[in-house]
Amino acid sequence: MLGKLMKYELRATARYFLPIYGAIIVFSMLIGIRGVNDTYRNALSVILPMALGLSFMGLGVMTLIMVVKRFDSNLLGDEGYLMFTLPVKANSIIISKLLTSMVWILSSTLVFFLSMGIITWREFNLSEILEELSHLQLDPYFLVVFILVILMSIIQFLLQVYASLGIAQAYSISKNRILGGTLIFILFSIVINMVETFAAAGFTFLFADSPWFHDLVRMAESSDFITVFSTIQLFFTILLGYLILKNILFYFLTKYHLQKKLNLE
Amino acid sequence: MTQSIIEFQNLSKTFGKTKAVDNLSLSIAPGKIIGLLGPNGSGKSTLFKLINGLLEPTKGQVLIEGQAPSMESKKIISYLPERTYLNDWMKIRDILNFFHDFYEDFDLVKAQEMLRVLGLDERHPLKTLSKGNKEKVQLILVMSRKAKIYLLDEPIGGVDPAARDFILETILSNYQEDATMIISTHLISDIEKVFDEVILLQNGSVYDYDSVDSIREKTGKSVDELFREVFKC
Amino acid sequence: MPWNFDNSIPIYLQIIQEMKRRIIRKELTPGERLASVRDLAKEAGVNPNTMQKALSELEVEGLLETERTTGRFVTSDQKLIASLREAYLKERLQPFLSELQSLGLSEEELMTLIRSQYKEAEK
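Protein chains in written order, with the numbering used here: chain A, 758 to 1022; chain B, 69 to 301; chain C, 15 to 137.
For the record, the hints were derived by calculation from the structure and aren't laboratory data. Wrong hints could be hidden among the right ones.
Where chain B lies over chain C, by a calculated footprint (3+ residues, C-beta under 8 Å) [claimed, not checked]:
1) 19 to 33
2) 47 to 56
3) 83 to 96
Glycine included, every Cβ here is placed at the ideal spot set by N, Cα and C.
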């Protein structure tokens, strides 16, 4: 069921993303062919980078719009009458939206790197770069945690949007669902910010004098790279845990309001 | 005693201050075409949404084959809402495949045949269809399923007489003998000869639940006449 | 084209009347095979259950016969059809006759009247 939902979700959104990807690749190629240090200095050398920049901006804006619009109009508008009477679990519906958004966000990132690569291809020396990379000693654990943190952060943003929209429609915050959702989103951000600040302050207040905290600080400020690094790893691991918790919270907020408090008009 | 297919037990649904459904208890036996009648705001659409899981009860419960609404009950319920739920990026062919993908009981061939009869080309984008045609496409989608329960919310409201005839014909020719069909309407005279039973709803409660022949024999009136009498403002 | 019905009288009774009418008028011939319940219901524009009820009644009255595998047939019993026709005619005639009698028409006057009207109608 999830696969089928995603199939249709991707088809519904591909018509918006693929053309912009295409435009970006084309612009990048046009710039790349002429080289970055291009001496021709005509109108094109101004227009093309501008067009590329605008395309990226457009991509960013459109991604945000898609995330919000797909959730809102497909689930909370008239289409909701179709979606919520399908014999699928609420989990599948939410996850299909989440994963599809992820697919586009990650694809956009890839397209960005691709674009940069195409633009700089003349200056590029693939073998040089690969050699540099192989010399980097990346700790696998850290790499994994780091990537997970990025993914979880993206997911947190998405789930916060979904939960906000879900809550706004459940309590009829505003006649305009998107407006209501935005308000709730902002509210969430403020509250989370406050909670985090208080928690940090409270944490410091409670533990500032404890010995293990002093140890921790000493490790972070030490001149030994390995110690600093493992502190950073610890930090990121805790951050990951925290993000996962937030995601679980927002996921259940979304699911609860879509299942128990759905009120399509 | 056949198990009731749908059962309402002390069902209430409140929206803010309004009681859309008020402590309603009713048992519906399978295999009938039932009219759900009542003036606007009497709770007809709300009852449908409570049956198919789009709304949760405030109090009491609704049971489909003895169970609360779930993914399983959605498999056997075919619902035609008052609204058009068609999206704007698919062609007719796509929404047919969509139903085929998600509903095991969807008869793709039958749906295509009905479209052909109506002269609708599969390749038409949904967004170019007139409102009337969109409603017909939805009706075809709903009636092409071999469901156990059909819920049709105001299927003939606001359509021209020719379309109305087509809709009634479609409903009758696709009717499965052991299926239960509940049709809500406020245009009773056009459709009452199709009903086995009617539920008369007033202010979220059941005013009467009886077979239409019984009503005709007891009162010597048509259901439409009875309705006008009971619900005159 | 859906049949015309009066919604204040049970539909199945009206279906029975219509079927009898068709049998009498030979629109349904003796031994003719009927369409399926669904098709008849669709043609009449009624609930299949209602059509089924009407057809069952007609079977009880002997006007229809069901062969399990081959379907439903109009009875071939000519005597039954004839008596149905007679009953129908009598029923139609009765109120009319009552009215004429209340106007004081004698049996002789009635016969003369009928004969002349019949001749008129034949022209």
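Hint-by-hint comparison with the structure:
Proximity of the segment 19 to 33 of chain C to chain B, defined as three or more residues with a beta carbon under 8 Å from a beta carbon of that chain, is established by the 8 residues found. Check on the segment 47 to 56 of chain C: 3 of its residues sit with their Cβ under 8 Å from a Cβ of chain B, so the three-residue criterion for coverage holds. Using a Cβ-Cβ cut-off of 8 Å, 0 residues of the segment 83 to 96 of chain C lie near chain B, which falls short of the minimum of three, so the contact claim is violated.
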